[in-house]
Structure formats: C-alpha cells, structure tokens
Amino acid sequence: MPGVKAAQAARQGPAKRRLAEQFAAGKIITDLSKKEWKLGSPIGQGGFGCICLADKNSSKSVGSDAPCVVKVEPSENGPLFTELKFYQRAAKPEQIQKWIQTHKLKYLGVPKYWGSGLHDKNGKKLQVYDNRSLWE
Numbered sequence: 177m178p179g180v181k182a183a184q185a186a187r188q189g190p191a192k193r194r195l196a197e198q199f200a201a202g203k204i205i206t207d208l209s210k211k212e213w214k215l216g217s218p219i220g221q222g223g224f225g226c227i228c229l230a231d232k233n234s235s236k237s238v239g240s241d242a243p244c245v246v247k248v249e250p251s252e253n254g255p256l257f258t259e260l261k262f263y264q265r266a267a268k269p270e271q272i273q274k275w276i277q278t279h280k281l282k283y284l285g286v287p288k289y290w291g292s293g294l295h296d297k298n299g300k301k302l303q304v305y306d307n308r309s310l311w312e
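The opening position of the sequence shown corresponds to residue 177 in my numbering, with each subsequent residue numbered one higher.
Hints are computed from structural coordinates only; laboratory data are not their basis.
Keep in mind that the hints are not guaranteed to be accurate.
Unchecked claim - Within a straight-line C-alpha distance of at most 27 Å, the following computed DSS-like cross-link-like pairs (lysine-lysine) qualify: (1) Lys211 - Lys268; (2) Lys232 - Lys261; (3) Lys203 - Lys261; (4) Lys282 - Lys236; (5) Lys280 - Lys297; (6) Lys261 - Lys282; (7) Lys268 - Lys288; (8) Lys288 - Lys211; (9) Lys297 - Lys282; (10) Lys297 - Lys210; (11) Lys282 - Lys210; (12) Lys288 - Lys232; (13) Lys232 - Lys211; (14) Lys210 - Lys236; (15) Lys203 - Lys268; (16) Lys288 - Lys261; (17) Lys236 - Lys274; (18) Lys297 - Lys232; (19) Lys274 - Lys288; (20) Lys211 - Lys236; (21) Lys280 - Lys232; (22) Lys274 - Lys211; (23) Lys211 - Lys280; (24) Lys261 - Lys280; (25) Lys288 - Lys203; (26) Lys236 - Lys261; (27) Lys232 - Lys210; (28) Lys203 - Lys297; (29) Lys203 - Lys236; (30) Lys280 - Lys236; (31) Lys268 - Lys210.
Treat the numbers as computed from the prediction; the structure is a model and nothing was measured.
Kindly generate the complete structure, drawing on both the sequences and the hints.
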C-alpha cells in the first residue's frame with residue numbers, strides 16, 4: 177500500500193542530527209564582523225550543537241569564568257538556522273536592554289547575541305555564533 181511507508185516514516189521521528197566537531201581549547205575563530213574569539217573547553221554537546229566557553233582573543237587562556245559561549249553546529253542542521261535568525265533579530269544587547277526597560281523587568285533570561293559566522297574545519301562547514309553566557 178502506498179501510504180504504509182509514509183506512515184512508518186512519520187512514526188520514526190526526525191532524522192538524527194550530525195554532531196558538531198569539537199575544537200581544541202585555544203582555537204581562534206573569526207565571526208562575520210571580523211571579531212576573533214578564543215575557544216575554551218566545551219561545556220555541553222548534543223544533537224543541537226557543541227557549546228564552548230569563549231572570550232575575546234588574547235594571550236591568556238579561556239577559563240571557567242569566561243564571559244561568553246560559542247555554539248558550533250554543522251551548517252546543514254536545520255534548527256540552527258531558525259535559532260540564529262531569532263538571535264539576530266531579537267537578542268542584540270541593545271534590544272534586550274530596551275525590552276527590560278520597557279517591561280520594567282530586572283532581568284531577561286535570553287543570552288545576548290554578539291555575532292556569528294561560518295568556519296571551515298576539515299572541509300566541513302560549521303555555523304558558529306557567540307552569546308554572552310547566562311551567568312552574566
């Protein structure tokens with residue numbers, strides 16, 4: 177029957193996403209605005225990317241008190257596109273500050289967006305974007 181395969185595929189759920197490749201601590205990446213970020217150790221990885229501690233590029237190593245995080249995910253993974261567009265449109269530091277003031281809030285639990293870009297590692301395109309960490 178023609179509908180059997182489609183029904184079985186629908187029950188299986190979405191295909192697994194490829195995991196992002198991890199970078200060595202100390203790796204320097206550059207976003208689209210030419211800001212350089214030094215990566216620290218990863219703090220989490222799953223089907224939605226790898227989150228690494230990060231800081232502006234400097235001679236010091238990135239410690240556990242790093243002010244930023246960078247998310248790395250294979251560029252062909254679909255959910256990152258939607259997530260990235262949200263951050264680009266709604267999570268710039270000045271937008272978050274304006275929302276907090278307008279709505280008379282003390283804090284808004286949305287990480288601030290600082291930039292994004294593509295990074296080529298071993299011939300694989302990786303989408304990266306940088307956020308202020310939630311513990312800011």
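Quiz item: Failing hints, ascending?
Solution: When the structure is compared with the hints, numbers 4, 5, 9, 11, 17, 21, 23, 26, 30 turn out to be violated.
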